[in-house]
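K.L.:
In the order they appear, the protein sequences are chains Y and S. Sequential numbering from 1 applies to the first sequence in the numbering used here. Sequential numbering from 1001 applies to the second sequence in the numbering used here.
No lab work stands behind these hints: they were computed from the structure. Predicted model, so just to flag it, every value in this text is computed and none were measured. Cβ coordinates follow ideal geometry from the N, Cα and C atoms, glycine included. Among the hints, a few may not be true.
Label pairs and their in silico Cβ distance ranges [unchecked claim]:
no., chain 1, residue 1, chain 2, residue 2, range
1, Y, THR17, S, LYS1269, 35 to 41 Å
2, Y, VAL116, S, LYS1269, 46 to 52 Å
3, Y, ILE7, S, ILE1382, 50 to 56 Å
4, S, GLY1298, Y, THR17, 49 to 55 Å
5, S, ILE1382, Y, GLU177, 55 to 61 Å
6, Y, PRO234, S, GLY1472, 51 to 57 Å
Selected chain Y positions facing chain S (Cβ under 10 Å, derived; list incomplete) [what the hints assert, rightly or not]:
no., residue
7, LEU39
8, PRO42
9, LEU200
10, GLN227
Covered stretches of chain Y, as calculated for chain S (at least 3 residues, CB under 8 Å) [said to hold, decoys possible]:
no., region
11, 206-215
12, 244-255
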Amino acid sequence: MSRNLIIGTALSALFVTLAAVSFLWTPHDIETLDIPNKLQTPSGTHVLGTDHFGRDILSMIMMGARTSIAVALVAVGIGMAIGIPLGLLAAARRGALLDELIMRGNDLVFAFPSLVIAILITAVFGASAVNAIIAIGIFNIPVFARLTRGAALPLWERDFILAARVCGKSAARISVEHILPNITNLMIVQGTIQFSLGILAEAALSYIGLGAQPPTASWGRMLADAQTLVSIAPHTALVPGFAILLMVLGLNLLGDGLRDWLDPRIRVARV
Amino acid sequence: MHHLKRFAASTAIVLCGTTVLAQDSITVAIQLEPPNLDPTGGAAQAIDSVLYANVFEGLTRFASDGSIIRGLAQSWDISDDGTVYTFNLAAGVTFHDGTTMNAEDVKFSLDRARAEDSTNAQKGLFAGITDVTVIEPLSVQIILDQPNGNFLFNLAWGDAVIVAPESIENIASNPVGTGPFTFTDWVQGDRIELTRNADYWGSAPALESATFRFISDPTAAFAAVMAEDVDAFIGFPAPENLPQFEADPRFQVLVGNTEGETILSTNNKMPPFDNVLVRQAVAHAIDRQAIIDGAMFGLGTPIGTHFAPHHPDYVDLLANSPHDPDRARELLAEAGFADGFTTTLKLPPPSYARRGGEIIAAQLREVGIETEITNLEWAQWIEEVFTNKDFGLSIVSHTEPMDIGIYANPDYYFQYDNPEFQTLMEKLNATTDPADRSDLLAKVQTIISEDYVNGYLFELAVATVAKADVQGLWVNQPTAAVDLTGVSWSE
């Protein structure tokens, strides 16, 4: 296992654990405000200090991790659930009208800057975590569709697929039984990268007030709230800032490490 | 090295240049840009902030302490029955386009404001006028249908300034008034420029020119003041940054009071808020000090009714709604909402609303009332909350002076309909005796406080951050205005 993979796994696992633990326990309740104790610097009671409402920042980070991970996970899920079948279909019908329609449709979605459209969607349908998920999810579809088609096309030329066709298997069965297992590694790696992009997108949407609404904790909104406090209470901005940085860094390293680890060619070369 | 030296030398020259220039010009920032420049036609406060007392003048005007002083009217006589006002106008007053200001213009302005098709945002100010007559070129008579103790006060509002028929057509983009500054330029989205009026009839202002800039983002506001891009910021949006300015010798911080009653607006027609027990429960659930400390970093005075605490007729009614979550839960149970309920909380952009909203949501949750928070831009807020009345709760500061009369209008957005209150307000409007007025004002304040019409939170404070050598700025905001007539730079 490479160093990237270890660091990436450790960072990702840290935040996933924080999010998981938050379901059972957080150091403090974040729904009750404690205004007399606002903007405290890190101490024994509040390990990462308190925010402008006197809420414990560590608890906020834990709850925020839950929001970030949930949004990104579902958004990647939407992208995979729709994008992969579309890609498989396009590859199976390569060159046909259907292939053309699917891929040009994807190009159309790709042509728009994703965050701008996400802002549009949340502005039109109202700001909420659900709309943020949908907005981010839609832009994951063409990513997975293209990647699936690109990886599936050379497979269709391979002899084992020819053998399956000779046996009389339908294109759909071949796609599911032979193509899909051979591109899983690629999907996992891309999924990790999209996951980190989803976390960034969720933070960006919350930062401008279009993501999860209060009282749901969100890293992006923590940053936005801390904006005017940077000079008097820097920890209120630094903590969520580093949380986003470390989580995204961790996921990118994880994705990178997984690719190296899962790719048989690189593995053989190393051996 | 040489380059560096030359650069330093040229910078020094440029800096000297701006310092010299800065002595008779000022750049003032306010939060919101006016949507148009007609104070007699638009409701936005920002219009008055830029133009009141600077470009436009009325018959009377507000002084910085909130008292009513002479404006274009140099003196006036009031008939014994209180229904006929005769104003003697200042002589030699011209509008910025050169036309003379006389009694005809006063008649035109007032008739236009109270006309059927008038778009004046405060038509109520002129409701009692039955006739305006020109007696002499500099003398005008106004006849009221009944005595109105507030009439001189009403005429001081920005909505009652004197305009000219010659320039009325383009007033929204090219305001022509009688004030000490003439309007020069409006670069939309950026700035409005004013220049000293050389022909001003009164004493000339110290400033040669003034630029208004519009910065609503708290972070950008902080940066603009710190970088000295603006000389003064009236209504600084981030109270948390004030201690830093106070500690910085380059700046002075002025904290004054406004006429802004910040309230938890409650839709009195929407169940369950049509039940007074529920409204009372909400009032007891609120911890005002926590909101003032958490949202405004301590700036603001708690209020128990819709009235400015610095007004001599204010009645302290905070005892009607102390913070008492247990009492709130009891009242909810009594009203049939033992398990609480869910409502909407729609918040406009200012931090008192956005932060205050989060705090209030937490306080209401404590007694079992769940709120769905929606953040709205001003235009959306005006449409959804103010016009369509599609809200349960909202937070907003009512900055008009002496605006308790809004409770007499059952169509006003919080939809309070109480005939007893309406009768008292009518009586108040017809009363001129100060002692009787005080009594009536105390009564109406008490009624809305005991009816828990809205959640009364705090009187908004206004913070002005200015360079240390700017003097003459208003500390308090008796009306929305940035009066530059007395502003100058100290030597």
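K.L.:
A separate judgement is required for each hint: does it hold in the structure or not?
P.N.:
Against the structure, the hints come out as follows:
no., hint, result
1, Y:THR17 - S:LYS1269: 35 to 41 Å, "violated, 50 Å"
2, Y:VAL116 - S:LYS1269: 46 to 52 Å, "violated, 40 Å"
3, Y:ILE7 - S:ILE1382: 50 to 56 Å, "holds, 52 Å"
4, S:GLY1298 - Y:THR17: 49 to 55 Å, "violated, 39 Å"
5, S:ILE1382 - Y:GLU177: 55 to 61 Å, "holds, 60 Å"
6, Y:PRO234 - S:GLY1472: 51 to 57 Å, "violated, 37 Å"
7, LEU39, "holds, 9 Å"
8, PRO42, "violated, 19 Å"
9, LEU200, "violated, 21 Å"
10, GLN227, "holds, 5 Å"
11, 206-215, "holds (count 4)"
12, 244-255, "violated (count 0)"
When held up to the earlier numbered hints, the structure conflicts with 1, 2, 4, 6, 8, 9, 12 and fits the remainder.
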